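Number of protein chains: 8
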Amino acid sequence: MEKPLDRVDCEIISLLQEDGRISNIEIAKQINVSEGTVRSRLNRLIKNEIIQIVAVSNPIKLGFTLVGHLRISAEPTHIEQVAAQLREIDQLWFIVATTGGHTGIDAEFIAKDLDEFNALILSRINRIQGVTRVETTLTLDFLKRRYDWGTAGPA
Amino acid sequence: MEKPLDRVDCEIISLLQEDGRISNIEIAKQINVSEGTVRSRLNRLIKNEIIQIVAVSNPIKLGFTLVGHLRISAEPTHIEQVAAQLREIDQLWFIVATTGGHTGIDAEFIAKDLDEFNALILSRINRIQGVTRVETTLTLDFLKRRYDWGTAGPA
Amino acid sequence: MEKPLDRVDCEIISLLQEDGRISNIEIAKQINVSEGTVRSRLNRLIKNEIIQIVAVSNPIKLGFTLVGHLRISAEPTHIEQVAAQLREIDQLWFIVATTGGHTGIDAEFIAKDLDEFNALILSRINRIQGVTRVETTLTLDFLKRRYDWGTAGPA
Amino acid sequence: MEKPLDRVDCEIISLLQEDGRISNIEIAKQINVSEGTVRSRLNRLIKNEIIQIVAVSNPIKLGFTLVGHLRISAEPTHIEQVAAQLREIDQLWFIVATTGGHTGIDAEFIAKDLDEFNALILSRINRIQGVTRVETTLTLDFLKRRYDWGTAGPA
Amino acid sequence: MEKPLDRVDCEIISLLQEDGRISNIEIAKQINVSEGTVRSRLNRLIKNEIIQIVAVSNPIKLGFTLVGHLRISAEPTHIEQVAAQLREIDQLWFIVATTGGHTGIDAEFIAKDLDEFNALILSRINRIQGVTRVETTLTLDFLKRRYDWGTAGPA
Amino acid sequence: MEKPLDRVDCEIISLLQEDGRISNIEIAKQINVSEGTVRSRLNRLIKNEIIQIVAVSNPIKLGFTLVGHLRISAEPTHIEQVAAQLREIDQLWFIVATTGGHTGIDAEFIAKDLDEFNALILSRINRIQGVTRVETTLTLDFLKRRYDWGTAGPA
Amino acid sequence: MEKPLDRVDCEIISLLQEDGRISNIEIAKQINVSEGTVRSRLNRLIKNEIIQIVAVSNPIKLGFTLVGHLRISAEPTHIEQVAAQLREIDQLWFIVATTGGHTGIDAEFIAKDLDEFNALILSRINRIQGVTRVETTLTLDFLKRRYDWGTAGPA
Amino acid sequence: MEKPLDRVDCEIISLLQEDGRISNIEIAKQINVSEGTVRSRLNRLIKNEIIQIVAVSNPIKLGFTLVGHLRISAEPTHIEQVAAQLREIDQLWFIVATTGGHTGIDAEFIAKDLDEFNALILSRINRIQGVTRVETTLTLDFLKRRYDWGTAGPA
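Protein chains in written order, with our numbering: chain A, 1 to 155; chain B, 1001 to 1155; chain C, 2001 to 2155; chain D, 3001 to 3155; chain E, 4001 to 4155; chain F, 5001 to 5155; chain G, 6001 to 6155; chain H, 7001 to 7155.
Derived from the structure by calculation, the hints contain no laboratory data. Just so we're clear, the structure is a prediction, and the values are computed from it rather than from any experiment. A couple of the hints might just be wrong.
In silico PhoX-like cross-links for lysine-lysine, where the CA-CA straight-line distance does not exceed 25 Å [said to hold, decoys possible]:
#1 D:LYS3061 - D:LYS3029
#2 G:LYS6047 - H:LYS7003
#3 B:LYS1061 - A:LYS112
#4 A:LYS3 - G:LYS6003
#5 D:LYS3003 - D:LYS3047
#6 F:LYS5112 - H:LYS7112
#7 E:LYS4003 - F:LYS5112
#8 C:LYS2047 - D:LYS3061
#9 C:LYS2061 - D:LYS3003
#10 B:LYS1061 - G:LYS6112
#11 G:LYS6112 - H:LYS7112
#12 A:LYS61 - B:LYS1112
#13 E:LYS4112 - D:LYS3061
#14 G:LYS6112 - B:LYS1112
#15 G:LYS6061 - H:LYS7003
#16 D:LYS3047 - C:LYS2061
#17 H:LYS7061 - G:LYS6112
#18 F:LYS5112 - E:LYS4061
#19 E:LYS4112 - F:LYS5003
#20 H:LYS7003 - H:LYS7047
#21 G:LYS6003 - H:LYS7144
#22 H:LYS7029 - H:LYS7061
#23 F:LYS5112 - H:LYS7061
#24 H:LYS7144 - G:LYS6061
#25 H:LYS7061 - G:LYS6144
#26 C:LYS2003 - E:LYS4112
#27 A:LYS112 - C:LYS2047
Just a few of them, taken from the derived set where beta-carbon distance is under 8 Å, the chain C residues facing chain D [what the hints assert, rightly or not]:
#28 GLN2052
#29 PHE2094
#30 ALA2097
#31 LYS2112
#32 ARG2133
#33 THR2139
#34 LEU2143
#35 TRP2149
FRET-style restraints, in silico, Cβ to Cβ [as the list claims (entries may be wrong)]:
#36 C:GLU2088 - G:ARG6146: 55 to 65 Å
#37 G:ASN6058 - C:ASP2090: 30 to 40 Å
#38 D:GLU3080 - C:GLN2129: 35 to 45 Å
#39 B:SER1123 - E:GLU4080: 48 to 58 Å
#40 H:ILE7025 - B:PHE1142: 50 to 60 Å
We treat Cβ as the ideally placed atom computed from N, Cα and C, and that holds for glycine.
Turn these sequences into a full structure, and let the hints guide you.
This is how it looks when you write it as structure tokens:
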């Protein structure tokens, strides 16, 4: 089991949520620890998949024509196999197991054009054994995207 | 209007989608341009909100208890005012205008505990004039989160 | 009130449903009436909006990126005013009053790109007083388009 | 692969979308090309199923009593076989693969009377292996039917 | 308040549910009471709207083209006024207040043709203040119609 | 095939829709035909299941506690076998094949008490092979029940 | 079969619905019977599962983070086996067979944290053969909980 | 703010969840504290609405004919006033604010007969200003009712 986050972890995360390119030296100075501590903590946070530091982009501005959200229902006993196959699909970049009005798998997709989108739905997702229903919601516009949530506090 | 992305922009974006902490020098070397070019391009990409370079985290691992997706319906003539007020709410970190099975606003939320979630739904969102319906989907588990889409190619 | 269709009308319509560019002379010969009769009947059929003779096209092949079907709900007492305003929108080329799982207005749309589609939904349809709900279905592929129904027979 | 549409193709299509019976000579004169060019372009546009030139009719005025839209759901892995069988049914004149609130097949139908409609639903569509759900929307009235979309512009 | 049904009432009702034209004398003989008793009981059962004795017909066989079921939703505070206006519409012959997946008013309709049906939906029901939604289910075929329920027994 | 209804049939039906106990002599007098004609027509109308003359009752006043409407979905390929089994169930007195928001079977039910209703749903309908979904709507109150539709006119 | 409740049973129940810790002596005094009668009646009421006398608690105040309602659909022919397996799950404390907008099984759940809830949905309920759909409704706040219904009166 | 529950509170609650009539002396003995401690803790637990000790009954066995669950939607801005009025209705004994497939108010109801149920829906709930929709689910059978959850552990 992973060690719970402490105050130093939380402070490092908060700074990087604001600016992913802040240097280790600058982080060390702001939170009053050594640069080596920052470096080792950062490595651990990334290795344990607590955080990723990446360029997050607006896919519409990158030229993707069809961007949106899929709500995928599956036979409840097949949901893990369906999830495994969905993870292999490049156009699906964000996949979560969900419950609420339906219990299933939600995914975010991007497609360069209608041909790619058509193939995604009809040739990839529809052909996965156990999928029973696919609901598509198109993104018309991005209104807010912030990643500086902070943390729910040190354990 | 913004200048369309060219090959250099696209290559810089792709490298940063893989690793947000790669240095400008390393980018310059890999795509065979000067470090000054990388720096100025990067500034423009960030300023124009094409990309953000940030720590993207798994909110469940950061200690948030309730994480998920809201589908918010509003009176069609009030949708912009509703969107403006939703943008002010800290627990909503990703907001998009959408169409599909319903036309409205989808949002991702995080809450530290049931009290914070309760307040989000009953005291914030329900009180916005023009909201007609809120549907909540809880995240049970994160199955995939990748940001290295590349781009849909230089214009 | 319009005169009911007779056998000659029905035969002319059937031939034109197969080939809209068949000449009046050819029609006259095939159904054994004079060319003048064909001409006058054809004028009347078009004037009374029984038929239109036009190039019907596959919008995806013409370069439209987003093509599909809208299901628009409106306050029942406002449905005629809503219909009148929808008719003014160029991107909606086919509009019908419908009943079934919902009672409202169904429309077919075409859009050149996401900007035009976004404007159609958010700036045009959503702003019509009385619209309560819009549901979008995207066309992935055309599987059949035939207009040679014949008629339900002379009255 | 098909050659993309050029300016001449687009202008021919636009004229024929307004009036399907305009003569080749008249088209040639209006867009300043030879009649031979019009003829060969027109043949190609029709052969490649870019356009059909036909009489498009109001089925209610032709005496069809029941006219409307079907939303057909199928087991995702059977959707192509279902589509193939639906294409064989004369009363379905327009069939598309769709996604949105549901992913499946939408079709437009016409029926002369309740007996024909009854047979269409119960004896044809319901008996196709893989169909899971059929939703019927009746057309009460045609409010707009225009085919002069133009094109999304030469490639 | 009405007197509860006794054994004699129940036996009279059961016989008439089987055959509405059985004579009073025959009823009297079968249940062993005087003809005068049958007559007075029958009058009371009809006057108190416990039963109607009528020809119940298959509307499709009587030539009605469109026959079916409407599910009408109304603003909850207006439901009585809506019901009062629906009762005035000749094409609605059976109207009940209901609850379940929706709470509202269900009605059975008959229409001679599409024009009459169109007027029923668009010109009558849609114009009633307080109606929010109308859902139509068409009858394709009658599979069973029996009225000989008997009674739930004398009180 | 049955002979279409003529003017005499229609007049007889209309009188009996108002009062199922009007005597043949009275009908004969009112529509100016012989009593023998009335008798033979009436026999034929009943034998051909055009009409039934019966006591139609308000089941709530007869002591039935749970009265309402079922919407039964079935696998499309099993719908006829499902219908055959539903017809055997006494508590279902009115069964129709339907299409609209769903395509399936609608039925009216009556039950003396919760035990009988429970058995109807859980022990009878749920156990029919091919049934996929049952939706129940309870009747709260009868607002109108009229059977004097007349006919859609002689053929 | 159980003996129907009499007046004494009903009075005992009413008192205990208000206060489950009222002594037998106090009950006896208030309803004017002997303490032995109270004791024997109470034993019978509990043994026949007419009542349970227990501490009913607010699970949110007891520290459960996720509390709510599940609507579970199952293949109609498997519903009893599904119910039997659901009864074995500790987190489901209230399970009923239901009908209405859907016919299936409704259950109340409690979970200490997201891990336990995740396991409940994905590892327990989803793996029961015959379950087709799970819908989750979260409790945000308890607004009323009263158990002093009295009874519907002695039989 | 309330003091968090400690180990003694949790042990007292667990014993009373099993048997609400266990004596204070018996509790004291089992968890090894004084009877006075049990008494004062119990008073506090009840006063703070952590627990109620009551007879919980099976309403069907108590003679209630109609028992079930209501899902009540309201205009989001009126939800508190709606909740306040619902709390006044005796037939609603359990009311919670909820979110999921819909956000609103869920309530459990009991009614002695159809008249009382009819009045509950049509004369009480439907007349509350702000209610937009009521969905009723009937209970057919109780399959499990346990209150011995324990607690989520001392804080």
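Outcome of the hint check:
1. D:LYS3061 - D:LYS3029: violated, 36 Å
2. G:LYS6047 - H:LYS7003: violated, 37 Å
3. B:LYS1061 - A:LYS112: violated, 33 Å
4. A:LYS3 - G:LYS6003: violated, 61 Å
5. D:LYS3003 - D:LYS3047: Roughly 13 Å separates the two Cα atoms, so the pair holds.
6. F:LYS5112 - H:LYS7112: holds, 15 Å
7. E:LYS4003 - F:LYS5112: Within the cut-off at roughly 19 Å; holds.
8. C:LYS2047 - D:LYS3061: holds, 13 Å
9. C:LYS2061 - D:LYS3003: holds, 11 Å
10. B:LYS1061 - G:LYS6112: Cα-Cα ~17 Å, so holds.
11. G:LYS6112 - H:LYS7112: violated, 37 Å
12. A:LYS61 - B:LYS1112: The hint is violated at about 33 Å.
13. E:LYS4112 - D:LYS3061: holds, 17 Å
14. G:LYS6112 - B:LYS1112: holds, 15 Å
15. G:LYS6061 - H:LYS7003: holds, 11 Å
16. D:LYS3047 - C:LYS2061: holds, 13 Å
17. H:LYS7061 - G:LYS6112: violated, 33 Å
18. F:LYS5112 - E:LYS4061: violated, 33 Å
19. E:LYS4112 - F:LYS5003: Holds. LYS4112 (chain E) to LYS5003 (chain F) sits at ~19 Å (cutoff 25 Å).
20. H:LYS7003 - H:LYS7047: holds, 13 Å
21. G:LYS6003 - H:LYS7144: Distance of about 22 Å is within 25 Å: holds.
22. H:LYS7029 - H:LYS7061: violated, 36 Å
23. F:LYS5112 - H:LYS7061: holds, 17 Å
24. H:LYS7144 - G:LYS6061: The given pair, whose Cα atoms are some 23 Å apart, holds under the 25 Å limit.
25. H:LYS7061 - G:LYS6144: Roughly 23 Å separates the two Cα atoms, so the pair holds.
26. C:LYS2003 - E:LYS4112: holds, 21 Å
27. A:LYS112 - C:LYS2047: violated, 44 Å
28. GLN2052: holds, 5 Å
29. PHE2094: holds, 5 Å
30. ALA2097: Holds. Min distance 4 Å.
31. LYS2112: Holds, about 5 Å.
32. ARG2133: violated, 11 Å
33. THR2139: At 5 Å from the nearest chain D Cβ, THR2139 (chain C) passes the 8 Å test, so the hint holds.
34. LEU2143: Hint on LEU2143 (chain C): holds, closest Cβ of chain D at ~4 Å, below 8 Å.
35. TRP2149: holds, 6 Å
36. C:GLU2088 - G:ARG6146: 55 to 65 Å: holds, 56 Å
37. G:ASN6058 - C:ASP2090: 30 to 40 Å: violated, 58 Å
38. D:GLU3080 - C:GLN2129: 35 to 45 Å: The hint (35 to 45 Å, Cβ to Cβ) holds, given that GLU3080 (chain D) and GLN2129 (chain C) are roughly 43 Å apart.
39. B:SER1123 - E:GLU4080: 48 to 58 Å: This hint is violated: roughly 35 Å between Cβ atoms.
40. H:ILE7025 - B:PHE1142: 50 to 60 Å: holds, 52 Å
Of the numbered hints stated above, those contradicted by the structure are hints 1, 2, 3, 4, 11, 12, 17, 18, 22, 27, 32, 37 and 39, listed in ascending order.
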